[in-house]
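Residue numbers (our numbering), protein chains in the order written: chain A, 583 to 1059; chain B, 7 to 147.
FYI, nobody ran anything at the bench for these hints, they're computed from the structure. Take the hints with a grain of salt, since some may be wrong.
Stated by the list, open to error - To list a few chain B residues with every Cβ distance to chain A over 10 angstroms, as calculated:
1. Thr85
2. Gln117
3. Arg127
Stated by the list, open to error - Cross-link-like lysine to aspartate or glutamate pairs, in silico, DMTMM-like; alpha carbons within 20 angstroms at most:
4. A:Lys1016 x B:Glu120
5. A:Lys980 x B:Asp129
6. B:Lys123 x A:Asp976
7. B:Lys123 x A:Glu970
8. A:Lys1040 x B:Asp95
9. A:Lys1016 x B:Asp132
10. B:Lys96 x A:Asp1020
11. A:Lys1016 x B:Glu139
12. A:Lys1024 x B:Asp147
13. B:Lys71 x A:Asp976
14. A:Lys980 x A:Glu1007
15. A:Lys1056 x B:Asp147
16. B:Lys137 x A:Asp834
17. A:Lys1056 x B:Glu51
Since we're looking at a predicted model, the values are computed, not measured. Note that CB positions come from ideal geometry on N, CA and C, so glycine has one too.
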Amino acid sequence: MYEFFSVSSVFRWQDVVDILLNSYILFRLYVLFRGTNVLRVIAGIALLWVFQRAAVSVGLIVTSWAMQGIIAGAALIIIIVFRNEIRNVLQAPNLKAILWGVPQKSVIAPVDSIIEGVYELAKNKVGALIVLPGNEGLKDHIQEGVWWDGKITREMLMSIFWPDNPVHDGAAIIKGDRVTQVGTILPLSERVDLPSYYGTRHRAAAGLAEKSDAMVIVVSEERGEVMVAMGDQLLEIKDNIDLKTLIDEHLDISPPHDGPAKKENPEFLIAGLICVVCVCAVWFSFSRGLEALVTMDIPVEYMNRSSTMEIFDTSVNNVRLHLSGSGALIKNIHQDQIKFRLDLKDAVVGINRFAVTQENVSLPPGIFLRKMEPLVIEVILDVPVVKELPIQVDWIGKMGKSLILEDVELSPNSAKVVGGSRVLEGVTTLYTEKILLDTLTKTGQTVVNLALYPANLKLASGSSNTVVIKYKVKNRS
Amino acid sequence: MNRLNPFYCIVVLVLSATVAFGDTEGTTGETDTPKLSLQSAVMCESIQGYSPVNSSVIFSISIGKVACFSFFNPVPDKTFVEHRWYHRDKLSTTKKLSVNPPKWATYSSIQLREADKGPWRVDIIDDSGHKLETLRFSITD
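Bound conformation, chain B alone (with noise of 0.2 angstroms):
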């Protein structure tokens, strides 16, 4: 948020996931330390039940919103990923995510106005820097 132009008025939601899976079993018994994997990331029109929903690589600026999922496992320790959303090269906001173990769903969204059209891209990366995927997605009509 921090990086978001005064002039630039997408409203960021940010839903961290505060939802674990349940699934405690992720901390496994071996000897290597797992790293932090992301296992499946998307951009979708919503998140249902913790699950993105009409996932896409076009959305109309009709449905007002646009989310980017992200779900990591394994997940070794209590960290945070950062969203970045970019339009057309340019960085438009970042957002920080905190993702913790065993395994960790989470995502950010951004509001649509008609200036957002266009070509978007949000880049994941993790808490040091390293980019662990690149989502690219358009802004139509």
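Looking at chain A on its own, in the form it has when it is part of the complex (with noise of 0.2 angstroms):
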């Protein structure tokens, strides 16, 4: 229970749009490639996914690896094996199709039409090959024969069939209410299970029915037969109920007092509901299957700072933080998501310590503070203040022993600068940069720089940074 609160306080709006986002997609993957191999071969994916998290559980690593392999590779056999499925898909009318409708078989086939025109044909005893594609396509399956594109009616199967017809040998395709092609050429069943006195029209029935999800009607030419090849089987039809039964669940024809939405709703609901359960399987997966370390150096951030007051000093710069959160989000995490502040509204002039706390640490969901470093940071505030202070020359070196430096003149002998009221309170004195004494040999002047210290001094505005040093040199007497 305690696990499931502490999940519920960290979930971010992102990873409710994330669950979200997938489930749709998973969804309409599921719409758009119902009723065909492509789902049976995902699902039979996630199943192997399933099994490949359990053997990393549990420490399997051959299998692990082995069924990482495969998965791995699943994606490129799913889109080289069912690309016509996925092409069938990707050619809907419009987006919207893909995105939001449901494939409707909109234009239903005229079953009872089919019958009559298939019994028609088995009483004359006219040889007849039907195919009612599924959801697969047949292209690669078939050799694609004439285009017909006519209603289907019990007059157009019995000409198309009829022995004089050029077209009579071949297979008629039937897509909704229309014959789309005829003369069609169907592969051959290599089965050697089938009767001897099935001819070539049964062995082609079965060799299509073998390959694909569709549907082939074999009229017999010589005992006027008909027979229906579905997957494996080659079923022999008594009347023509029994078709219209085996038409009707082929094609999803339903009784009209049960109609399509109704039916659907129920199945997509579950569906729904099962897509969002796999995809908050999988986030949870991620983002709290694997416990992951980082340690990062963020700066700080004063707040609140009275405008009278200037920092001027801090013991750090940056506070280096140890987080934890699943492997997931930390490799995602960025340095701009974590701040760390700390709030000067109590500061006074001078130095002061504070205590760092949780609460300074603000973190994005999901990632936790374990340790925080250092534990007190000290700020020193102060009002700054403008001195003028005497400029002083710095020598180095050594001059050469005959030599006397008598005198020095500075021009300007002091300086203005700005700097905390405490700081500039133990300062007298301005230095310049060091000057080497060394290759001093006789009267002269230079000009240098001021060396400020401490760093945090400035000189105040009208003050030069460079003096010049007028310096008198003499010989030992």
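Combine both chains into one complex, guided by the hints.
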């Protein structure tokens, strides 16, 4: 229970969007590919993924490695093997059909006309081969015949397969309420268990049924029998009622009183729920599965400083945060998502020591703070003041033994600096940059810059950073 | 000497010159009470014959010591002055020196060591705390 609340408390809006978006994508894949083998293969891959995760969790190294390899290749396999089905889906008339619409058998095949035609052919012992495609494409299995595009009627079927018709030997393809192709050549079955009296027409029907989800109706020329090939089966049809039942099932045609929407709604609802559950499971697997640790240096942000004071020094500029969270979240975390803020509302002039707490740290959901360094931050605040200070030359090196630097004159001999009042209390002199004595042999002058110390001192406006030094050298007596 | 840092091993040689310069005409018959006046002050390598030797603004650490010479004229009353020695703005030592009428020369000096390199100053302060002079110099190689 605690775990549940800890998870729910760290749910970000991005996570909700993430889950819903992927659930919808999964749901759309189901809607678009339902009834095809693609969905079954995807389900198989999903099962493999579950096994792979289970294998990882119990430490089956080789098994998890092998499954991981299969899953990695699965995407490629699906695209190659099911390219026709994917193409059919992507060839939808518009984007809405892919994103929102439910593929409908918009034009319901006139089953009665087909049955009447089939039995009329059987009665007259006219051989016929009628293909009712399923959800899979047939392009890879058949040799295209003549494009027909005629509306299905009993007479139409009779005329197509009439022995004198040039295309009567091939198969007729029916889509919706139309015969789209005639004279189509179907692949022959290579099964050896088919009865010997089955001719080429039966073998062609069985061949296509084996290779696709199409339903093929065969009318025997010799015996006038009607048979249906579906999958690996060749079914003998006793009467038109049986044939109608099979065709209705194949074309997913429901009785009029039980409309498609009513039937599909619970199915889609269940499918949608399953999609959400699956994506949630994957999300939790990613977000909660692996604990990761990371250390980040975050700059300290100072807030609510009094406008009359300035920060003159701090003990640290960054704090080191030891963070933990799921591997996926830790991997994607950026420094700018983490804030470390120090409130200077109660700070006073001088040294302020702040004990840092978790309240100073702002973390994205799902990331936890393990440790902070340092635990105390010193901030020196001061009121800026201007002070005029004398300038002194900082000589270094060694002058010739026979020489004496008798006098030095500086121009200017003082400068105004801006700094914290407390800092400037202890500063009574400004020094120049170091000047080397070794090269001084006679009276002369040089120009140097000031070396402001402490570093937070600044020259006041109007003060020059350069100093002209006139020096007088004499020989030692 | 009471301000001398225990870690700081400067030996302050104080030779309060007890020599009056013989001129007793320093006390004049003026009605206004004369004030203590610093007539001259220099940094030098040593004192010889009550005078500074080799006054300069830089001193090599090899000479071993450096002195601050100050000459007061007039000195209306017996009083004292302080020589405050600062190394980079940090007070190193303070020496209290007595000054006697009618005029008086006095000096203080420090022994030098390696750590003393850098800019120095000596503030000469009278008994009421007024700064009479600041002498700036450097200790170098």
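| message | Just to be careful, I want the Cα atoms of Lys980 (chain A) and Asp129 (chain B) compared with a cutoff of 20 angstroms; is the pair within it? | response | violated, 25 angstroms
| Are the Cα positions of Lys137 (chain B) and Asp834 (chain A) separated by 20 angstroms at most? | Violated, because 111 angstroms separates the two Cα atoms, which is more than 20 angstroms.
| request: Could you let me know if the closest chain A CB is still more than 10 angstroms away from the CB of Gln117 (chain B)? | output: Its Cβ never comes within 10 angstroms of chain A, the nearest being 19 angstroms, so this holds.
| said: Lys96 (chain B) and Asp1020 (chain A) were given as a pair; does the straight-line alpha-carbon distance stay at or below 20 angstroms? | reply: violated, 27 angstroms
| query | Straight-line Cα separation of Lys980 (chain A) and Glu1007 (chain A) no greater than 20 angstroms? | reply | violated, 33 angstroms
| message | Given the hinted pair Lys1016 (chain A) and Glu139 (chain B), is their Cα-Cα distance within 20 angstroms? | response | Given that 20 angstroms is the threshold and the Cα spacing comes to 24 angstroms, the pair is violated.
| task | Take the C-alpha atoms of Lys1056 (chain A) and Asp147 (chain B), compute the straight-line distance between them, and say whether it is at most 20 angstroms. | result | holds, 19 angstroms
| message | Can you confirm whether the C-alpha distance between Lys1040 (chain A) and Asp95 (chain B) stays at or below 20 angstroms? | response | Since the Cα atoms of Lys1040 (chain A) and Asp95 (chain B) sit roughly 18 angstroms apart, the hinted pair holds (cutoff 20 angstroms).
| For the pair supplied as a hint, Lys1056 (chain A) and Glu51 (chain B), is the alpha-carbon distance within the 20 angstroms limit? | With a Cα-Cα distance of about 15 angstroms, the restraint between Lys1056 (chain A) and Glu51 (chain B) holds, given a limit of 20 angstroms.
| task | Take a quick look at Thr85 (chain B) and tell me if its Cβ sits farther than 10 angstroms from every Cβ on chain A, holds or violated. | result | Thr85 (chain B) clear of chain A: closest Cβ-Cβ about 25 angstroms, beyond 10 angstroms.
| task | Compare the distance between the alpha carbons of Lys1024 (chain A) and Asp147 (chain B) with 20 angstroms, and conclude whether the hinted pair is satisfied. | result | holds, 19 angstroms
| Hey, Lys1016 (chain A) versus Glu120 (chain B), does the alpha-carbon distance stay inside 20 angstroms? | holds, 18 angstroms
This entry does not satisfy hints 3, 5, 7, 9, 10, 11, 14, 16, going by the numbered hints stated previously.
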